[in-house]
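Spelled out from the first residue to the last, the chains are:
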Amino acid sequence: MSASDTIYATGLATTPDASAQGPTVDLARIAGHALPFLLPVGVLLIWEAAVAAGWISDALMPRPSAVAVAAWETLVSGELFTHLGVSALRALSGLLIGGSIGFLLGLANGISDLSNRATDTTLQMIRNIPNLALLPLVIVWFGIGEGAKLFLVSIGVFFPIYLNTLHGIRNVDRQLIEMGKAYGMSPATLFRRILLPGALPSVFVGLRYALGIMWLTLIVAETLSASSGLGYMAMKAREFMILEVVVLSILLYAVLGKVADIATRALERRTLAWSPVYAKS
Amino acid sequence: MPSLKAERAIVHERTDIEPAAAARAAGHVTLEPGLRHPDGAAVRIRGLNKSFGGPRVLDQVDLDIAPGEFLAIVGKSGCGKSTLLRILTGLDTPQSGEVSVDGRTPGNNAADIRLMFQEPRLLPWASVAGNVAVGLRQDAHPGNEADRAVAEALKAVQLPEKAGVWPATLSGGQKQRVALARALVSRPRLLALDEPLGALDALTRLVMQALILRVKQETGFTAVLVTHDVAEAVALADRVIVLEAGRIAAEFRVDAPHPRPTASEEAARIEARILEAIFHGRTAA
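Chains as they are written, first to last, in the working numbering: chain A, 1 to 281; chain B, 282 to 566.
It is worth saying that the hints were derived from the structure and are not from the lab. Hints may contain errors.
To be verified - The calculated lysine to aspartate or glutamate pairs, modelled on EDC-like cross-linking and capped at a C-alpha distance of 20 Å, are:
#, chain 1, residue 1, chain 2, residue 2
1, A, Lys181, B, Asp393
2, B, Lys436, B, Glu499
3, A, Lys236, A, Glu79
4, A, Lys181, B, Asp373
5, A, Lys181, B, Asp420
6, A, Lys181, B, Glu499
Please build the complete structure, drawing on both the sequences and the hints.
Structure below.
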């Protein structure tokens, strides 16, 4: 048994003790909680076994236990947290900058026809440029500094949030808007009480889509031009053929993506509690 | 057709008069003293015209509604009844002519004129109480008084226990009752009802009719109901007007006291007359 297997096995074993109430009900509940993890744990086990049996070359694909050891080593040396922190900071600042601009422009263009006619065509043209196509230009402009990553991530997250905010505002129930006007709501109240909450579900769709683009852009940017961050860590390890670290950074992207998704879902459930989709049964 | 053998009709109908004469006569509506209410708005419409580019939707309409009166407007689809209601509530503006509610142009006194739509149109992201609070006057400050007004309105529509829930958890009839509470919470002087019960099932509709009648009698606002359910018009209204191609084609008084017996012969008789006016009145001529 390898270290990673032990970690998963203990994780499973402790769950029932923590929430022990009634033995019959609990078994079903544990099974329900464990179900989503069955597949990844199974894949890890098969992977470990395949490398151990020699079906897969250790030089091309390090086994999970070796990756776990690499994770531990980089963790102890502090390298892991430094790179992880740098990457997370870049991702979040890019999301904040690009997302805010996209959200505000989406609101403006959804509400004002003038603003929409002035800017939407231009934005639609820019949208069709893959943001990573700007990479050579961005390297010339910003070098390998922070500006380049921020710029690319901001542009990447801008469009999904802009488009979905615009779509959300446009698709707010006209009947509700008419009701608001008939009940004497001022434009500011109408926006706060009807347009904004009505557009919110769509904004969240944009946000979750933007999170995917955020990681993708960041990884590519860090891999090609950076002196820190997870992508840089992976590239440096490749040069020395330390494949455990390469696999480790790939797995970390998966974890980070999942964490971002969980955070968004929690926010969504809180903000959209009124929606029947999130109704507590 | 139901038999028309009522010994003494309690309903006075005027079917055979010219539209202009009907409109003129409508200017002198006198209500029983009990039906007058100081809380109701007086409505005065003179020479009202409206078209949306094509033929006139409303054509020289003259209409007076006495304070506290319950008026029903019936007619075929596209006869202009909803447009008339929208102009009355300030959602549309007249092309020409004069419309005044309490001597003022509709639209400037929104909280005194409330409109109930065919759909509940509740904000899904606000609680039931929050939705009712939408109907508070714009100058109302949030606080105990506003909370009390919301609670009272919810009590009036018999839904006090639902104050904290989301609208999505309510049935169709309950949603429409919340919409009624929202319309009533500002204590309007004129309540306009645009087929508010059209989407409800027959039983819920009867319950809602009784509810509307009860709050109407308790608070005494002037009510204008647009409906294509003639039975509903006869059950609720003091006066029923038939709109035909933008003109008032006929007018009926319904003087029976509330609560009116359902499916009475008198009611059936007046319903038959109204239906005749709708389908054969002016179009047959």
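Tested hints:
Distance hint between Lys181/A and Asp393/B is fulfilled; the C-alpha atoms sit about 14 Å from each other, no more than 20 Å. For the hint pairing Lys436/B with Glu499/B, the CA-to-CA distance comes to about 13 Å; that is within 20 Å, so the pair holds. This hinted pair checks out: Lys236/A and Glu79/A have alpha carbons roughly 12 Å apart, not beyond 20 Å. About 11 Å separates the Cα atoms of Lys181/A and Asp373/B, which keeps this hinted pair within 20 Å; it holds.
Of the supplied pair hints, the one linking Lys181/A and Asp420/B holds, its CA atoms being roughly 16 Å apart against a limit of 20 Å. Between Lys181/A and Glu499/B, the direct Cα distance comes to roughly 27 Å. Violation of the 20 Å bound is thereby established for this hinted pair.
Going through the hint list in order, the structure does not satisfy hint 6, though it satisfies all others.
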